[in-house]
Every structure is written in structure tokens, then in C-alpha cells.
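*Asks:* Sequence:
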Amino acid sequence: MLDSGENVAISAIAGIGGVGKTELATQYARRNWEEYKAIAWIVETIGDIRPNLFSYFLKLGISVPEPLVGRPVGEQIQACWRQYLADVAVKDDEKILVVFDDISNLEAVKDAIPPFYPFRVLITTRMRNLDPNLVATLPLDVLEPAAALALLKSLLGENDRRIANQTKIAEELCKWLEYLPLALELVGAYLANDPDLSLADCFEQLQRLGLDDDALQRSQITLNSAERGVKAAFDLTWQKLAANSRETALLLSLFASRGIVWEVVEVITIAEELNAIRTPLAKTKKELNEGKKELYRYHLLGFSEEKGVYNIHSLIHLFFKEQLAEQERFDLLPVVSNPLLAIAQTIPQTPTLKEITAVSPFIPHLEALAEDLAQSPAGKSFRQTYLRQRQASIQDEDIFGIFTSLGLFYHGQGDYGSAEPWLKQCVEVVKSRLGERHPHVVAQSLHNLAVLYKSQGKYKLAEPLIVEALALNKELLGDRHPDVAANLLNLAVLYYFQEKYKLAEPLFVEALVLSKELLGERHLLVASSLDNLASLYSSQGKYKLAEPLYEEALALFKELLGERHPDVASSLDHLASLYSFQGKYKLAKPLCEEALALRKELLGDRHPHVASSLENLGNLYKSQGKYKLAEPLLVEALVLSKELLGERHPHVASKLENLAETYCSQGKYKLAEPLYKETLSIREERLGIDHPRTISTRRSLAIVQFSKFFERGIGKLINIIVTILFLPLYLLLLGLQWLMFRLRR
Numbered sequence: 004m005l006d007s008g009e010n011v012a013i014s015a016i017a018g019i020g021g022v023g024k025t026e027l028a029t030q031y032a033r034r035n036w037e038e039y040k041a042i043a044w045i046v047e048t049i050g051d052i053r054p055n056l057f058s059y060f061l062k063l064g065i066s067v068p069e070p071l072v073g074r075p076v077g078e079q080i081q082a083c084w085r086q087y088l089a090d091v092a093v094k095d096d097e098k099i100l101v102v103f104d105d106i107s108n109l110e111a112v113k114d115a116i117p118p119f120y121p122f123r124v125l126i127t128t129r130m131r132n133l134d135p136n137l138v139a140t141l142p143l144d145v146l147e148p149a150a151a152l153a154l155l156k157s158l159l160g161e162n163d164r165r166i167a168n169q170t171k172i173a174e175e176l177c178k179w180l181e182y183l184p185l186a187l188e189l190v191g192a193y194l195a196n197d198p199d200l201s202l203a204d205c206f207e208q209l210q211r212l213g214l215d216d217d218a219l220q221r222s223q224i225t226l227n228s229a230e231r232g233v234k235a236a237f238d239l240t241w242q243k244l245a246a247n248s249r250e251t252a253l254l255l256s257l258f259a260s261r262g263i264v265w266e267v268v269e270v271i272t273i274a275e276e277l278n279a280i281r282t283p284l285a286k287t288k289k290e291l292n293e294g295k296k297e298l299y300r301y302h303l304l305g306f307s308e309e310k311g312v313y314n315i316h317s318l319i320h321l322f323f324k325e326q327l328a329e330q331e332r333f334d335l336l337p338v339v340s341n342p343l344l345a346i347a348q349t350i351p352q353t354p355t356l357k358e359i360t361a362v363s364p365f366i367p368h369l370e371a372l373a374e375d376l377a378q379s380p381a382g383k384s385f386r387q388t389y390l391r392q393r394q395a396s397i398q399d400e401d402i403f404g405i406f407t408s409l410g411l412f413y414h415g416q417g418d419y420g421s422a423e424p425w426l427k428q429c430v431e432v433v434k435s436r437l438g439e440r441h442p443h444v445v446a447q448s449l450h451n452l453a454v455l456y457k458s459q460g461k462y463k464l465a466e467p468l469i470v471e472a473l474a475l476n477k478e479l480l481g482d483r484h485p486d487v488a489a490n491l492l493n494l495a496v497l498y499y500f501q502e503k504y505k506l507a508e509p510l511f512v513e514a515l516v517l518s519k520e521l522l523g524e525r526h527l528l529v530a531s532s533l534d535n536l537a538s539l540y541s542s543q544g545k546y547k548l549a550e551p552l553y554e555e556a557l558a559l560f561k562e563l564l565g566e567r568h569p570d571v572a573s574s575l576d577h578l579a580s581l582y583s584f585q586g587k588y589k590l591a592k593p594l595c596e597e598a599l600a601l602r603k604e605l606l607g608d609r610h611p612h613v614a615s616s617l618e619n620l621g622n623l624y625k626s627q628g629k630y631k632l633a634e635p636l637l638v639e640a641l642v643l644s645k646e647l648l649g650e651r652h653p654h655v656a657s658k659l660e661n662l663a664e665t666y667c668s669q670g671k672y673k674l675a676e677p678l679y680k681e682t683l684s685i686r687e688e689r690l691g692i693d694h695p696r697t698i699s700t701r702r703s704l705a706i707v708q709f710s711k712f713f714e715r716g717i718g719k720l721i722n723i724i725v726t727i728l729f730l731p732l733y734l735l736l737l738g739l740q741w742l743m744f745r746l747r748r
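Residue numbers (our numbering): 4 to 748.
If you're looking for bench data, these hints aren't it; they were derived computationally from the structure. Take the hints with a grain of salt, since some may be wrong.
Said to hold, decoys possible - Label-pair distances were calculated between CB atoms; the ranges are:
id, residue 1, residue 2, range
1, Ala-149, Tyr-504, 54 to 62 Å
2, Pro-198, Lys-680, 37 to 45 Å
3, Phe-584, Trp-179, 49 to 57 Å
4, Ala-153, Glu-69, 55 to 63 Å
5, Leu-522, Glu-290, 26 to 34 Å
6, Leu-564, Asn-292, 26 to 34 Å
7, Trp-179, Lys-243, 20 to 28 Å
8, Ala-600, Ala-245, 33 to 41 Å
9, His-694, Gly-481, 34 to 42 Å
10, Ala-167, Ser-435, 30 to 38 Å
11, Phe-584, Val-638, 17 to 25 Å
Claimed, not checked - Listed next, the in silico DSBU-like pairs over lysine-lysine satisfying Cα-Cα at most 30 Å (straight line):
id, residue 1, residue 2
12, Lys-505, Lys-519
13, Lys-561, Lys-547
14, Lys-561, Lys-357
15, Lys-477, Lys-592
The structure displayed is predicted, hence computed values, not measured ones. Where is the CB? At the ideal position from N, CA and C, for every residue including glycine.
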């Protein structure tokens, strides 16, 4: 960019503090010094390059000519540049490089730029949107992950084995620093100076102390051009911000650092309807937008590819948090937390697509709040002060709701992997803050985690948690409490999934009786108890007992939830299965189709419950011998379940078995055998080798293998019989042909 043939070539390196702008300018000057007659380097220190430029001229013995004293500053500077040019004695083909470092006042730079041909001007700045008619800008970003790791390795030296021995931790460390060159350089130098410090200990210390950690301070003597630590580099930009922009930044510290939908920021910080009891922030939408624009201009806020969505570098985000603590602006905490708590309370157990769409933009910020609640605030750093204050700003009863809502959000979509860490943290945080024996909350957190494990097919993990929750609720709340009824129901469901019907039945009955007694006949827990008890009877072949329970449950779900709800779809599916088992195919089919359509509408095409409905409809066709209709549905259900639940889930085993049965019914034993083998492997792992369902699968596999052998054996036998019967005739025919040939001779 500096090789332009125009009168003056002006280029700029722009990016956040610590990204390496000054270092890049320094490297350019060092590598290209032979191309320039002279290099002038002026640093802005007080928001205006001009005073330092005059100081630079004075050091060279250049002063403003007497006639220009009192004239505009720009004219004075141009006169000084003319004198500079004369003193340097530049020849026609020679150039002069002028570096204006760390510029924030662009109007002042316009006065400072020399307007003559020999000059090449290089600007480093934290600002965006420089005048493209005046300046050619090179935006400088953070490093790629591989380049960041390579930089860290180079700083530690070839003989240092810490990164080679702890590569995963090194990668996590680079990710936490979000690949900022200055941070990597400082941490690398810190590690290089302490060969006994492990990467794990260094990382733990950084996470605990934040920007106050010694590893992020400029305390080592190095040859690098940067002279500040990370916090000091960010603080330089912070001091240039307007008060409104600073307050906007403090508010943003309470949001997630990634995926910030600006409309969400406006809704949370301005909209009163989200939480009437909070203290409103005295900030208008216009002021908030002005703050956003200045933060963006100084690279403190980054724009993502998606319109209206912003990101903040993780270390800048941490800097904002520490500024909130340092300035003691804890009055801002409820401005963000209270609306998020209100949103968390709206997330149902099985959210529909519409509900997911409505709350999804808020989820990253709920997660950020939960992460702050889960961390240890021990210590005196600003980061830990921030954590203590944010944790103290949340009421005890609200902590459970934050983690649970995140668990429900992901669990309800079938994203069990994303739900698990939040529900596990819920147990840990609730026990830590409220004690091991808090009524309702501790037991409920155990219960929710157990239900998730049940959905994942992790029955051995689920059972002790539900048993513990049940015992705790009975002890703290008594035997006759709705929470106890819910525990009984889910323990029964867990036994039912493992086909431990003798253990499940009395618990189902007890849960139903207790919920009716405590909650009345028309309650969702009663409907769930009816539906699950009916499923138990159906699995035992007690169809006459199951049918009225299913019908009562369906009617109750419709009455309490409306016609279009995921629980209604599940109830329809269950009743359809019962009709199919009884051979009532005309009754079953419309219910199957309605359940499938309803689930797709409410939950989307890619959901475990949709896979169950596909399987149910496929089984209906299979029972009728309509294999061409059944097969694609069962294949789709299997593929979807494997994708969503993993290869080793008990529900996957069920779908493998149903597809294998369909192939067997068509005599496709070669296709059925590997499916039965896979089913057997899963059931031996999840249910045990002696479980009735495992034994049944082993028997089915043996039958298929025998059928394949018999099929091959029959084929060979037929070939032998044909050979025995027709060989004499064939030989006789050959003899006759030979005799006729001889007679002709």
C-alpha cells in the first residue's frame, strides 16, 4: 500500500489493542529501512498527535517560522515538514517513512500529514472507518488457532516440552486468550521465565485472577515493541471513550461475549414490561445506540456476519467486567439479571419450535449468567469481586431456575449433550449455596438430572439419583407431597424402560393415587401417571386395562394443554400403538399420522420424539404386512435416532430390531442379521446379558442365522437332487449323439 506513486501514500493498520499493530509497523520499518532516506516515528499520547510532532521537530532543531506564529496549526506543521525535507536532503528517487502510532484523533492527523511526494505515511489506530479517500486501511485481526499455538511454542523455545506434553491444555489456553497476539506473547514470556510452571497451573491462575494475573502484565524485558500489559493496552482505549459508551460497555459485561443480538440488549436494558420491579436504567435507545457505535469504532465491539449481531473479544469482555467491579457499578447487575430471570421462567419442559425461536436469542446470556454463578469467587481481584457481587445479586430461589431452564431448553429439543452440564452444575451449585438438604430445590435438581440420564438411556446413573431425591423429599416434605408423587412416577418410568415391570407397577399405582389425592383429578401429573400406567399394561399385553387409561389421559392432556401440545402428540402415539397391538389398524392409523404431523409442527423434523412417531407408523404398516411402506419409515427413524441420541442408545436398539423384523418378514436375512447383532451388542451393554429383552434378541439372531443357513442348505440340496436326476439322462444323450456320429461315418 505504501508503494503508491501518488504524491503521498497513506496507509493504516487498524485493530483492537494488543493485536500487534505497532509490532507490524516496527517490523515493516526494520525490513524496509534501506528503501527510505529517513524514518520519523511519532506516538500519540494525549489524544492529539500534534504536540508530540512539534516536540519531535524541536529535537531535530526545527521550529515554526516566525511569520507563521499564530497561524493555523496545520500551516505551521507543513512549514516544519518543508524544513525537515530540506535538512534530510532527499534525492529525486528517495522516500521518507512517517509513522503515526496509536492514533485516536483523526482530525489532528489531517493537520499532521506531510503533503509532499517523498513522504510515505503509516498510521496505527484502534479506530474503524477511516476515510477511504484519504487512507488505505489494513484491518488486523487476532491469530488463527494454529498460528497462536505456533507463536506460544516459539516463545517457550525449541527445548521446552510443556506444549508437546500438554497440547490440549495449550490449545484451551490459546482459546481462552482468544488468540490475541499481545496476550500470547506475555503469557509465553511468563512461562519461559518459569520453566517449573505447568500450563495447567498457569491456565488455572489466569482464569482465577483474570487481567490482574502477572502473566498478562508487561514485567519482562523483551525485544518486542509493545510496552504495555493487556489491561493497560485496553485501558488506553477505555480512557478515550465517552461516559455513555463506558456505561454501555459495563452493561455489555453482563451479557455473553458472543452472539449479542442488539435487539436483545435493547429489550433487556430498556423494555419495562420484562420486569416491573427492577430499577430502570436511565438510558434511552438513542444513547444505547450511540454507545454501541463508539465501542464498535474503537474495535471494542465486533460485528458478526449476521446482521444486528455483535461479538466482544473475550479479554475485552473480561476487562469490562473488571471495570464494573473497579467502579463499583453494581447497580447495573439487576438491570440485566432480572429480565433474564423472567425469561428463564417462561421456558417449558418440552419447548415447541415457536417457544425455542422466541427464547433462543436470550439463551447465550442466560448461559453467561449461569457460568458466573458456577465459578468460585474466592480472592481479592476485580474479577473475583465481580463474581461475588453478581452471585449475591441473585436470590437463592432463582439459582435453581436459571440452571434448570437451560437444561429444559436443551433437553426438550433432544439435545441431551448440551443439557447435561447445566443440570449437573445445578446440583453442584444448589448444594453449595443452599446446603445438602434444602427442601424442594436440592431434590428437584437431582430429579431433573436423573430424568435426563433416563432420556439418554443411562439407567445406572439415573436410578440412584431418583432414589436419593425420593428419600430426601420424603424426609423433608413427608410421604404425601406432590414432589414425592413426581419422584415415584419417574422411578417407575425408569424401571419400565428397563422392563422391570414388577418393580414399576406398584410405583405407578402409588404415584397415580397420590397425585389424584393431592392435586385433584384434573392435573398434568395425574394425566402423566395415567398415561405411563397404561404403557405398562400395554407392554404386558393387558390391553383392556390399558385402553381406558390411555383414553382418559389423552382427554385430560387436551383439556389442560390444548389440542396442539407435545404431550398431546405423545399421548396420541401411545394410544395408536395400543390399537395397533390389538389389530385395530383403522383406529390406529389416523392417530399415528396425527401424532407425527403434530410433532413435526411443534418440535421440528429433527427431534427424538419425531423419530418415535416415524417408528410407530412404520410398525403399524409392518403389522399389516405393508413392508414397502414400513421400511422407509423405519430406516428414517433409525438414522434420525442414531444422529440425535448416539449409536448406543436403548431407543436405537429398539429401532434396529423393528427394522430387522421387517427384513426377516420379507426373507431378507442378510440385511436383518447385522441389525440384530448391533441390537444385541447395545442391549448387552445397556441392559445386561441376562435381561429378558437381551435374551429375546439373542434368540431372534439365532433364528435369522439358522434361516440363512437353511436357505443356503436347501439351495445346495436342490442342486444335488437335480444333478442326480438329470446326470444319467445327460450321459445317455451324449451316448446317442456319439452313436449317431459313428453311424454317419
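*Asks:* Each hint: holds or not?
*Replies:* For each hint, the structure was consulted:
1. Ala-149 to Tyr-504: 54 to 62 Å: This hint holds: roughly 56 Å between Cβ atoms.
2. Pro-198 to Lys-680: 37 to 45 Å: Between Pro-198 and Lys-680, where Cβ atoms are some 53 Å apart, the hint is violated.
3. Phe-584 to Trp-179: 49 to 57 Å: 55 Å, holds
4. Ala-153 to Glu-69: 55 to 63 Å: 57 Å, holds
5. Leu-522 to Glu-290: 26 to 34 Å: 50 Å, violated
6. Leu-564 to Asn-292: 26 to 34 Å: Violated: the Cβ-Cβ distance is about 41 Å, outside 26 to 34 Å.
7. Trp-179 to Lys-243: 20 to 28 Å: The hinted range 20 to 28 Å holds for Trp-179 and Lys-243, with Cβ atoms some 27 Å apart.
8. Ala-600 to Ala-245: 33 to 41 Å: 55 Å, violated
9. His-694 to Gly-481: 34 to 42 Å: 36 Å, holds
10. Ala-167 to Ser-435: 30 to 38 Å: 37 Å, holds
11. Phe-584 to Val-638: 17 to 25 Å: Cβ of Phe-584 to Cβ of Val-638: about 22 Å, so the range 17 to 25 Å holds.
12. Lys-505 to Lys-519: Roughly 22 Å between the alpha carbons, so the hint for Lys-505 and Lys-519 holds.
13. Lys-561 to Lys-547: It holds: about 22 Å lies between the C-alpha atoms, which stays within 30 Å.
14. Lys-561 to Lys-357: 19 Å, holds
15. Lys-477 to Lys-592: 43 Å, violated
Violation of the numbered hints given earlier is confined to hints 2, 5, 6, 8 and 15; the remaining hints are satisfied by the structure.
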